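Same order as they appear, the protein sequences are chains S and V. With the first sequence counted from 1, adding 998 to any position gets you the working numbering. With the second sequence counted from 1, adding 801 to any position gets you the working numbering.
Please keep in mind that the hints were generated in silico from the structure rather than gathered at the bench. Computed from a predicted structure; not experimentally measured. The beta-carbon is built from N, C-alpha and C at its ideal position, and this holds for glycine as well. You may find that some hints are simply not true.
What the hints assert, rightly or not - Some chain V residues near chain S, calculated using beta-carbon distances under 7 Å:
hint : residue
1    : Leu834
2    : Val837
3    : Ile1015
Unchecked claim - Derived Cβ-Cβ restraints for the label pairs, each shown as a range:
hint : chain 1 : residue 1 : chain 2 : residue 2 : range
4    : V       : Ala852    : S       : Leu1120   : 17 to 27 Å
5    : S       : Val1146   : V       : Ile1021   : 44 to 54 Å
6    : S       : Arg1140   : V       : Ala922    : 29 to 39 Å
7    : V       : Ala841    : S       : Gln1067   : 48 to 58 Å
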Amino acid sequence: MEPPSAARSSPLGENRRRSSPPGRVFARLREPWTDRQAAWRLGAVASLVLLIIVLMVAFVAVRAWPVLQANGWISWLGTGGNVDHQLGQMIATGQHPPDSAYHLRAWPLIYGTLLTTGASVLIGLAFSLLAAIFIVEFAPARIRAVVVPAVRLLAAVPSVIYGLIGILVLAPWVGSHLISPGRKDSVQNVVQIDGTGVLVAVVVLTVMITPIMIAIVVDALRAIPPAWTEGAAALGANRWEVVWSVSVRAARPAIVAAAVLACARALGEAVGLSMVSGSRGFSPNPVDGITYLFEPIRPLAASMVENVDAINAPPVRASIYAFALLLLLSSLALSIGGYVAKLPMRRQGLRV
Amino acid sequence: MTIVPPTAALRRDAPRPAPRGDATRGWRWSQRLALVACWACGLALCAVTAAIVVYMGVRGVQYLNPELLFSRPTPGLQQHTTGGILDPIVGTIVLTVIGIALAVPLAVAAAVWLVEYGRPAPLARAVESGIEVVAGTPDIVIAIFGLAIFQLPLFAPLSFTASGGGVFGRSFLAAGAMMSLIALPLVFGAAREGLMAIPTHVREASWALGKTRICTIRTILLPQIRTNIATGSALGMGRIVGDTAVVVVLLGATLQLERQGDVPILGNLRGTGSTLTSYVYGASPAGEGNAPQKAYAAAFVLLLIVLTLNAAVDLLGRRKEPRA
């Protein structure tokens, strides 16, 4: 039991401190914190993150509101007209534009986002699964000591450098070697193809997101308990069968999670894609055959970067925030999806 | 009845696979093909990395010269009249310092609270997933959110103001604040890993000596996770240095550092400028400058900075390992 004098002196001390003159605020802050104060203050700092997320959704949604209201909640995602033309029309509409100035049909941009993201995640997934198996199971120690830093380096290279290589090296090469003059002439009246376009965008985006997927899959493969693989080997499975039917199968949730998180990353890639995608709000038609691969597109994130200079026009601003809202909500959904995808592995006690 | 696979007998008689050489004996062709594909993917990764680094290195050495490094950029039509990349380099350094100086205290405080206090539990879980959400949010969305925040009249003194009195919401301070959000999850993750790796008995020993929790944190735990925090900060700095979207949206598109107001340092922080990333973007054929040689030179400097930070992360990780 605590001595009564100590119990009484502490509230007295609190009172004395509280009545100190305001000039001694700094002196009070420098006093050692009590545990209760520390928990409260650090908790407040940590909760700032939640506040920021709430503010982010609120601000973006409020600013996107005029476009959603003028076009309808869903229909602004639809097709109709030329989206670049619509965005251009918005610029000179004054500070108090009528509802009609907000007209927007953003399907080409959404199509571009879905196309680049989907294609690069599919290609990257196959590639990164094989690479992760190689790193964890088959690479001799000496080669592993090269591959692992290489992956980390690829993940660290800024997207603008990928974009620069894409636009100065890949695109001119594609433009002069893969696209024949006849092909260029065949679509001359519709769209110009000069190298930047679907193919280069997907290649560059794949290189950007593969390292992230490899890192997640490698972590999961390493988390598989040796007893499982040794058990399979003891039953007579050869090394590939052990890897494929035990390790990879057990790590399947993490592979799904890797794909989901890479999707989130690919959705938000703005500057790199703005440089290599051809930068036109155009939706290529698969009926065009091989020409399809060379036609320009422009994803949502890239459109935001490119239109940010005109942000003082209210309709353009509302459109940019509407794109941001779409990206924000999808990345939120993908974050949750990645977490849910990993749950089965966590349930088995694997730390992923 | 037991089902015996047809190849079981073969396998029983086969010698144990030797460690090297004939490790694939008895494999099906499809399995051998898959193994070859694995090797091909691994080696292709190395090849791509090497190609990027070597190509950027060659171009950088070709186009970079001291004069370019130490002269200020000027707008111009020809490549030889557009000056150097001094301002972007300074801009990158300033922005990184602001971003990391804001991110580290926030992230460490959040990690300490989460691991050491973590009550009420639902709030702790919410904060943890909140930071994951921030990590997954595209940088362009963070940037555009920052523009909305710093255009509020409340924050007008912090940013560049147009001559007519309209608020632009663009400045080093605004960009740095949003950059801190990009670095925050990395520093948080590293600090949390470090705290969780410290065994409980260390804390219990300190409590048994009569230290409070916060005193234990300050004198025992924080000094121990210094390396983790440094690793997280290096990762975060790498992310900040390489980010373009926030710079393009929040720092404005002026090539030179432009001061807002007359106060020397504060005025620069409130003013606009450029960084290496925005310079590369602007000088590439996608931007207005169209000066590929300068873009290569700036990208080379950028890559060098990123490689240095990467090496620092490796070094810190290696220093941590022997103790663990």
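Status of the hints after comparison with the structure:
1. At about 10 Å, the closest approach between the beta carbon of Leu834 of chain V and any beta carbon in chain S exceeds 7 Å, and the interface hint on this residue is violated.
2. Evaluation of the Val837 of chain V hint against chain S yields a violated restraint, the C-beta minimum of about 10 Å exceeding 7 Å.
3. At a threshold of 7 Å, the smallest CB-CB gap from Ile1015 of chain V to chain S is about 4 Å, leaving the interface hint in force.
4. Taken as a hint, the range 17 to 27 Å holds for the pair Ala852 of chain V and Leu1120 of chain S, whose Cβ atoms sit roughly 23 Å apart.
5. The hinted range of 44 to 54 Å is not satisfied by Val1146 of chain S and Ile1021 of chain V, whose Cβ atoms lie roughly 33 Å apart.
6. Against the hinted window of 29 to 39 Å, the Cβ-Cβ separation of Arg1140 of chain S and Ala922 of chain V comes to about 47 Å, which falls outside the hint.
7. For the hinted restraint 48 to 58 Å between Ala841 of chain V and Gln1067 of chain S, the CB-CB distance of approximately 53 Å keeps it satisfied.
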